[in-house]
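Novice: Each chain, written out:
Protein chains: 2
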Amino acid sequence: MRRHRVTYLPSGTVATVPAGTSVFDAAHWAGLPIESTCGGRGTCGTCRVRVLEGASEPTPADHRHLADGLAAGWRLACRCVVASDLVVEVPRLQRTPRAATMGVGRVVLLEPNVRAHRLDLAPPSLDDPRSHLARVRDALAAGPGLEVTVEPTVLAELEVAIGERAGAVTTVVVGDRLVRVVPEGERARTFGVAIDLGTTTVVATLVDLATGVVAAVATEINHQAVHGADVIARMGYAMAEADGLDRLRSEALETIDLVIARVLAEADVRPDEVYEAIVVGNAAMLHLLVGAHPRSIAVAPFVASFLEPQDLAARDLGVRIHPAGRVVLLPSLGAYVGADIVADVLATGLARGPERTLLVDVGTNGEIVCGNVERAAATAAPAGPAFEGGQILHGMRATEGAIEGVDLTGGRVTLQVIGDVRPTGICGSGLIDAVAQLRLVGLLDERGGLLSREEALATRHPLADHLVEARGVRAFELAPGVVLTQLDIRELQSAKGAIATGIEVVLDVLGLGPHELDRILLAGSFGTYIHPESARIIGLVPPVPVQRISAVGNAASEGAKMALLSFREREVASQLPARIGYVELSGRTDFNERFLRNLAFPRLPLAQAPAAEVAS
Amino acid sequence: MRRHRVTYLPSGTVATVPAGTSVFDAAHWAGLPIESTCGGRGTCGTCRVRVLEGASEPTPADHRHLADGLAAGWRLACRCVVASDLVVEVPRLQRTPRAATMGVGRVVLLEPNVRAHRLDLAPPSLDDPRSHLARVRDALAAGPGLEVTVEPTVLAELEVAIGERAGAVTTVVVGDRLVRVVPEGERARTFGVAIDLGTTTVVATLVDLATGVVAAVATEINHQAVHGADVIARMGYAMAEADGLDRLRSEALETIDLVIARVLAEADVRPDEVYEAIVVGNAAMLHLLVGAHPRSIAVAPFVASFLEPQDLAARDLGVRIHPAGRVVLLPSLGAYVGADIVADVLATGLARGPERTLLVDVGTNGEIVCGNVERAAATAAPAGPAFEGGQILHGMRATEGAIEGVDLTGGRVTLQVIGDVRPTGICGSGLIDAVAQLRLVGLLDERGGLLSREEALATRHPLADHLVEARGVRAFELAPGVVLTQLDIRELQSAKGAIATGIEVVLDVLGLGPHELDRILLAGSFGTYIHPESARIIGLVPPVPVQRISAVGNAASEGAKMALLSFREREVASQLPARIGYVELSGRTDFNERFLRNLAFPRLPLAQAPAAEVAS
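So the sequences go chain by chain: A and B.
Per my numbering, the first sequence starts with residue 87, numbered consecutively.
Per my numbering, the second sequence starts with residue 87, numbered consecutively.
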C-alpha cells in the first residue's frame, strides 16, 4: 500500500499514512486533534485547514463551506484525502479539549459518537409550516452543523416533544442518526456500554458519555462455557449439534443482557438511556453473536464470514439498550486475531508511535501483533490448551488451589497458590514459572529434558528429592500430590514453541531483530499473571531486557471504552486492518522447521541487549 | 429557488432545474435516461458525460473513475451538481431500455431499486483469506459497480451460501444495502409491493421486479373505517381516545398485512421474496402508520410531524415482507396534500413537461396541484363532506342504490343508479350531475336558488312537477323518496366553492388564467365518476373545453408502482416537494372574499375558449 507524508504546520508534526486516509484522520494518528463538531462528516465546516503543498481539487463540501478560500488552498480536513505528500497548516486544534487517560497511558479526547443537543425551536405557524422533522433537522444543521437521517421511532416522538409545547427540545444523535427527541423538562442522559465478549468471561463497562466517567462494571462467566472451555470447543459444538449455533447465540446474548442489566441497576440507568454498545471479542465469538456459523473459521483455509467492523441496530441484534441505539463490533485483523486484539492495539497505542512494540495475548491461540507507526503485522499461533491447564497432568484453570507462581531459588520450593489454600494443581502462569525455575536451577536441559533424581543427586542438587517418577516418566514434585511431568514439559515446549515461532515470523516479515523491540506487552487476562522474567527464560517472548516487558491487563475492555468515548479512536480502529498486515502461519512452508527449532529453551544466562539499547 | 438550464447534446434537449439537481436526474426529468448500473450512487462509473460549458470541479468519484478525462470535461453525471447553466454531451443513453407504459400514458424504464446479481466467486484459500463478506463486496464492486452496506441478517447467510459450496451465489441488493445472499441452485426472485393506504380502501399491487409484470392486486376496506369515514374523523378518534393512536396504527398495519397476504397467496410468492413496499396515502394516514400522532395536522397551524420521504426497515415498521426489506413512504407536499397526490403527480407526469396541467382530487379535502415543468404549486381546500354524501338529506356513499348520474334533458328525469336497483339516495357524482342539470334546464339560478313549483309552472317547465317541498324548504324530487333540497344545494355550493377557490388561488400564484390550462385531471376514486361536463357547469373546475378534462382513475397506485419499478421515478418523487410550492389557504386573508364569490355558479352558456387555444 502506498504511503504519503503529511506535514502539519505550525507544529511540524509528520504523519505517514496510507493513500486514501483523510487529512483529518491522519492528524489524529499524529496526535493533532483538529477541531470538529460533526465528527468528520463534512457537514459542520469546522475542520478547515490550508493545504500549502499538494492541494487536490475541492470537493462539493469544500465549495459549500469554504467558497472564498478555495484558491488559497483552504480545504475541509475531513474531506481532503491524502493522495500525495502534503504540507498543511492547521489553524484550529480542538479547543479546551476534555480528555482522559485510558488504556495503557493513552490520553483520549472525549468526543463520543452519541451527542445530545438542546435546540431552541421557533413555534410552527401558518407562515412557517415546516414539519416538526424539518424544524429539528434545520436546527441541527444551523447549530452543531449536523445532517441527520431519522430513526423510525423518532417519527412518533416528534409530536409528543414539539406539538404540545413550543420552545426547546433535546435531540440525541448517534453518528448521523437522529435517535431521540426529548421534550423540554425531561432529562436526556447519554450512556454507552463497552462489552468484552470473552470466551471465558464477559465484561460490561457502563460509561456516562457526557462526562467520560465509568458508572459501573460487571462481569459474568460466558454462558456458552458449558459447551467447552475454549473457542475451538465452541466451534465444534456449533458444528456437531443441529441447534448448536442457535444455542451459542442465545447464550452470548443472554450473558450480555445479564451484564448490561447489572451495570444499569448499579448505576440506576434505564436501558433506553444507553445509545451505543461497543463489542469486542475474538472473531468466532462475534460470529456466534450475530448468528453466523463459525464453520469456515474452524477448518482450513480458516476464512471468516466477516472481519469488517459492523454497525447494527440494537433491536436487530437483540441487545437490550435503546432499540434504535447501535451495537458496534470492532473489526478483526484475521480469523484468529479478533476485535479484542484490535481493542488491545487501540488501548496500547501500538502502530501509532515510533516505539517498536510486540503485543502477545497468550492462550489456546496466541495472538501476536508487532510493529510501530511505520509498519506493523499480526499473526495467530496455535498454542494448544497447555497454558490453560489442558493436557497437563495436574493442570487446572487459575482458580482456588492452583499454583500460580513458583520459586526454586535457595534450594527450596516456594509456591504462590490462589486463595492461600493447599495446592491442588497448577495453572498456566505456575507452569511457566515452574519450567523457568527448573531451567534456572539446572534441573532442566536446553532441549527440555528433566534430570533424573540420580543425576541431580550426583551433583548434590538441593532439590534432588523433588525429582520423582509419575505415570512412568520423570517428574518434579511441586507439592504433595502435585507434580510436573516430563510430558507436561513437552506440552509447554510445544505451546511456547508455537508462539515463539509466530513472533519470529512476524519479526522477520517486519525486518526486525528481537533486540530492536522497545516494548513487549502481555495482553489478555492470562498475560496479567505471567512473570515477565519467566516468559523470557522459557523463550515464550524474545530475550529483551526484562524491564521492557509488562502486562497490560484487560486492555480489550479499555480499547472498547476508548472507541465508545472517542469517534476518532473508533476511526483508528476501523483503519487498523488496512495498516496491520495479517500473516497466515498455516500457509507458510517454513513453519514446521521454525517450530521444531523453537521447541528448545534459550541458552542461559540470556544474552544481554547491546549496551546502546539498554542505555536508551 | 434558483433554476438553471442544462442543454443535452446531441439531442439539444433542455432541462430547467433547481440549483443542486444532478445532471443525471435533470436528464431524466427531460426524458433522457443516462446509462447507469449503480442507480446514480457514484460507484459504477457508467454515467459519464462531457461538460462542454460550465464544468465544475471534479469530485472524488470523478477522480476515481475518470482520471484521464477530467481536463476534457468528463464528469459522472450523477455526481455533477447543477450550479449554473450547463451544456453537456451524453455519449450513452440507457441501452436496450426495458420500459413499460404506466400511469397516464407514461413510459417508464424498468430500473428497480431491488436488483439480483449472480456472482462468480473464487474459492477461499490460504493465499486469499478474504472474509466471505469481502469476497462478495469485491465481486459486487468489480461487476455491477456497487458499493454496499450489509444488513445484519446477511452476516448469518454468508457461511451457508458460500462456506460449503464454492462457486456462485446470487445477491439481492436494495438500494445500496446487501439484503440477501442466495446459494447457487436456489432461485432468487425479487418482488415489490405498491400500497395505496387510502382512508377508505387499501390497495396492494404485487409486482415482479425482474419483469415489471403485475402479479396480483388486492383491495380491502381500511380497518380504521369503524372509527369514522374520513380523515378528520380518524384524527378526532386519535385525539379523543387514550389508545386511539395505537388502535389506528394496528388497524392500518393489519389491513396492509391482509392485502399483502392476499396478493402473495394469489401469486404464490413468499413474504421474504418481497424486498420493497412503496406506501402512498395522505399525510394523516402515513402518520398513523408509523405511530406519529396526527394532532398537529388536525389543529391550526396544521403542521405535520414529517412530510419528507421515509425509508424504513420492514421489520422496524412491522410490515410482513422480507425483514430487512424496505418500506418507503413517498413524500407529502403539505399536511393536506399527501404522498397519494405525489403519486398522482408521478403517474400523470405533471410538472415534467410543458403542458399546463391542473390535477384535482375531490373529497372531504380537495387536493389541487397545478403547473408544468417551469412552475407548479399545490394546495388543499376544505370542501367538507358533501361530495361523500355527508350533510345531504338523502346523501349516501357510492354503494348499491345510490344515484350516480342524472340527466334532465328531454323533459324527463333519467337516473343512473349503482346496482340497477330502486334508488335509495344520491352520492357525490349524482349530486354534481343533478345540480348541473338543474342549471342547464333552468330550474336553478346563478346564485343557487331553486325555482318554486309556481315559478316553473308559470314557464310551463316540463319538470315543474318535480319541484316539491321537503323539510320546509324547496326541493327537487329525483325519484320517489329521494329529493335534492335547497339546503343540499347550498352544501354543494360550499364544497365546490372551496375547491374552486383553491384552484383560483393556485392559478393566481402561478400567474395562469383558467383558459391557459391544457389539461384538467380528476384524480381519486371519486374523480372517476364525476362527469367532466357537470364539473364545468357547476364551476368545480375552470370552464376549459370539456375534452381537456379527464379522469385518471387510481393514479396513486400507478404512481407507487412506478416508484417501485424505477429508481429514477422515485428520485423524481423525492424532488417534487422542492419543485411544487405549497400554498396554505388558511393563511390567506383573501380566502373568505374569494370563497364567497365562488359560491355562485358560472353564467350559462359557458364562455368558449379563445379560438387559438381550441385549435391547438
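Some hints here could point you the wrong way.
A short list of chain B residues far from chain A (calculated; beta carbon distances all over 10 Å) [unchecked claim]:
hint: 1; residue: 138
hint: 2; residue: 354
hint: 3; residue: 381
hint: 4; residue: 497
hint: 5; residue: 499
hint: 6; residue: 637
Selected chain B positions facing chain A (Cβ under 10 Å, derived; list incomplete) [stated by the list, open to error]:
hint: 7; residue: 211
hint: 8; residue: 233
hint: 9; residue: 237
hint: 10; residue: 248
hint: 11; residue: 335
hint: 12; residue: 336
hint: 13; residue: 410
Hints listed in this document are in silico derivations from the structure and should not be mistaken for laboratory results.
Please read all numbers here as calculations on a predicted model, not as lab measurements.
Heads up, the beta-carbon is just placed ideally off N, CA and C, and yes, glycines get one too.
Novice: Confirm or reject each hint.
Specialist: Status of each hint after checking the structure:
no.	hint	in the structure
1	138	19 Å, holds
2	354	29 Å, holds
3	381	6 Å, violated
4	497	51 Å, holds
5	499	46 Å, holds
6	637	30 Å, holds
7	211	5 Å, holds
8	233	13 Å, violated
9	237	8 Å, holds
10	248	8 Å, holds
11	335	9 Å, holds
12	336	14 Å, violated
13	410	8 Å, holds
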